[in-house]
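Enquirer: Sequence:
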Amino acid sequence: VLSNVSFEINKGEIVGFLGPNGAGKSTTMNILTGFLSFTEGRVEIDGLDIFDFPDEAKKSIGYLPETPPLYPEMTVTEYLNFVYDLKGCKLNRKKHIDEVCDVVRIKDVKKRIINNLSKGFKQRVGIAQALIGNPPVIIFDEPTVGLDPKQIIEVRNLIRNLGRDHTVILSTHV
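Residues 3 to 176 in my numbering are what the sequence shown spells out, letter by letter.
Hints are computed from structural coordinates only; laboratory data are not their basis. For each residue, glycine too, the CB sits at the ideal point set by N, CA and C. Please note that the accuracy of each hint is not assured.
What the hints assert, rightly or not - Capping the alpha-carbon separation at 30 angstroms, the derived lysine-lysine pairs in DSS-like fashion look like this:
hint : residue 1 : residue 2
1    : K152      : K113
2    : K89       : K109
3    : K112      : K89
4    : K61       : K89
5    : K89       : K13
6    : K152      : K97
7    : K61       : K113
8    : K109      : K97
9    : K113      : K92
10   : K121      : K152
11   : K13       : K96
12   : K112      : K97
13   : K152      : K92
14   : K121      : K109
15   : K112      : K61
16   : K13       : K61
17   : K97       : K13
18   : K109      : K92
19   : K112      : K60
20   : K60       : K92
21   : K113      : K89
22   : K13       : K60
Said to hold, decoys possible - Each pair of labels, with its calculated beta carbon distance range:
hint : residue 1 : residue 2 : range
23   : T29       : K89       : 22 to 32 angstroms
24   : K113      : F53       : 13 to 23 angstroms
25   : F9        : S39       : 31 to 41 angstroms
26   : D87       : I155      : 10 to 20 angstroms
27   : I155      : F53       : 19 to 29 angstroms
28   : T41       : N117      : 17 to 27 angstroms
29   : I16       : V45       : 33 to 43 angstroms
30   : D110      : F40       : 13 to 23 angstroms
31   : D48       : L88       : 29 to 39 angstroms
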């Protein structure tokens, strides 16, 4: 249960929730993204109340849950095109997906089946789906869990770079 949680994050900031398992990090993120409701207070994303304007507010969010929402039988390209359609993205499809793949460094595995990728590449595909549509707010729940030390450094550098153009919220227990 969360109680008396209050914070404001400005555009372009990278903010981390640090705490042990069970501290409420994922619950807070699920409330911020509109996946969980709340009994008191309010949540505004990019100036929009998530309760009053859920569809509009959610369009401002790219979300990577702790377990990336991947379809293992799809190729990376098929999956990112699927996410593009789900989000109703209006950017140039090929150019945008290519740019996202460049940013998360998955260009070399675009034609591969997701199930055949390493944990690190699956995590990168999960990050890529969060970036589709170029949302101003990106929320990562435990983005480095299960990764090896080299992959952790790469994901942290990626997050640092994303912070130049996006507001980034992430959780970690490390």
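Enquirer: Determine whether the Cβ-Cβ distance between D48 and L88 falls within the hinted range of 29 to 39 angstroms.
Expert: 20 angstroms, violated
Enquirer: Keeping to a limit of 30 angstroms between CA atoms, is the pair of K152 and K97 held or broken?
Expert: Given pair K152, K97 holds - Cα atoms ~29 angstroms apart, limit 30 angstroms.
Enquirer: What's the verdict on K109 and K97, does the C-alpha distance respect the 30 angstroms limit or exceed it?
Expert: The hint holds at about 12 angstroms.
Enquirer: Quickly compare the C-alpha distance for K13 and K96 to 30 angstroms and report which way the hint goes.
Expert: Given pair K13, K96 holds - Cα atoms ~28 angstroms apart, limit 30 angstroms.
Enquirer: Does the alpha-carbon distance linking K112 and K61 stay inside the 30 angstroms limit?
Expert: Distance of about 25 angstroms is within 30 angstroms: holds.
Enquirer: Under the criterion that the straight-line Cα-Cα distance not exceed 30 angstroms, is the pair K13, K61 satisfied?
Expert: Holds, at roughly 16 angstroms.
Enquirer: Go ahead and decide if the range 19 to 29 angstroms is satisfied by the Cβ distance of I155 to F53.
Expert: 38 angstroms, violated
Enquirer: Could you grab the alpha-carbon distance between K61 and K113 and see if it respects the 30 angstroms cut-off?
Expert: 27 angstroms, holds
Enquirer: Sort out whether K13 lies within 30 angstroms of K89, counting only the CA atoms.
Expert: Distance ~22 angstroms between K89 and K13 Cα, so the pair holds.
Enquirer: Can the suggested window of 17 to 27 angstroms be confirmed for the beta-carbon pair T41 and N117?
Expert: Violated - the Cβ-Cβ distance for T41 and N117, about 40 angstroms, lies outside 17 to 27 angstroms.
Enquirer: Is 10 to 20 angstroms a correct range for the gap between the Cβ atoms of D87 and I155?
Expert: 33 angstroms, violated
Enquirer: Taking 30 angstroms as the top limit, are the C-alpha atoms of K97 and K13 close enough?
Expert: 25 angstroms, holds
Hints 13, 24, 25, 26, 27, 28, 29, 30, 31, counting from the list given before, are not met by this structure.
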